[in-house]
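*Asks:* Residue numbers (my numbering): 1 to 166.
Worth flagging that the hints you see were computed from the coordinates, not collected in a lab.
Among the hints, a few may not be true.
If you anchor each label on the Cβ, the simulated ranges turn out as follows [to be verified]: (1) SER147 to GLU85: 19 to 25 Å; (2) SER51 to ARG143: 33 to 39 Å; (3) GLU85 to ARG56: 36 to 42 Å; (4) LYS146 to ASP123: 32 to 38 Å; (5) ASP153 to ARG30: 34 to 40 Å; (6) ARG144 to GLY108: 35 to 41 Å; (7) ARG86 to LEU52: 35 to 41 Å; (8) GLU81 to ASP149: 31 to 37 Å; (9) ASP93 to ILE166: 23 to 29 Å; (10) VAL142 to ARG30: 34 to 40 Å; (11) ARG106 to THR141: 27 to 33 Å.
C-beta: ideal position from N, C-alpha, C; glycine also.
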Amino acid sequence: MSTATRSGISTLARAITDPLEVDGRWPLDRAYEYCERLARSHYENFPVGSSLIPKRLRKHFYSIYAFARIADDFADEGHSEGYSERERLDLLDEWRRMLADSLAGRAGHPVFVALAQTIAEFDLPPALFKDLLSAFAQDVTVRRYKSFDELLDYCRRSANPIGRLI
Numbered sequence: 001m002s003t004a005t006r007s008g009i010s011t012l013a014r015a016i017t018d019p020l021e022v023d024g025r026w027p028l029d030r031a032y033e034y035c036e037r038l039a040r041s042h043y044e045n046f047p048v049g050s051s052l053i054p055k056r057l058r059k060h061f062y063s064i065y066a067f068a069r070i071a072d073d074f075a076d077e078g079h080s081e082g083y084s085e086r087e088r089l090d091l092l093d094e095w096r097r098m099l100a101d102s103l104a105g106r107a108g109h110p111v112f113v114a115l116a117q118t119i120a121e122f123d124l125p126p127a128l129f130k131d132l133l134s135a136f137a138q139d140v141t142v143r144r145y146k147s148f149d150e151l152l153d154y155c156r157r158s159a160n161p162i163g164r165l166i
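With the hints as constraints, model all of the structure from the sequences given.
*Replies:* Below is the structure:
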């Protein structure tokens, strides 16, 4: 069953389907505010940790965090919300498509409006975001690693990109 056919809109589906703002576009400042609200609402200790980041960089941190938080929730929280493995992978595929659209100048979702600006301003490698999505997809499908090398490969695409981006 696709997320579109479920009764009600789950937190995960809403992350992709949030309504657009003025004239179908999110103004950049509102997009950054959206990312900050998402970041601050997710964990109670988040405001303390984010205060260690220089104020001028926080909005960029929030955009990266929001991108990764939503994608990670698709992978990890989707199971508890009753989504099948296929549906969770479909959500990640849609997030991947939205990333590609934003890199091509067609950002519609507020996370990607803000993230596209952050990527451009700091010349961040898009491959790091793609690696994260690949690792999140692996979270859905892999239960146990067969070797230490497989685990290291997963870490290269999950923890490593976040460390490099932040």
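*Asks:* Return the numbers of the hints above that this structure violates; sort them in rising order.
*Replies:* none
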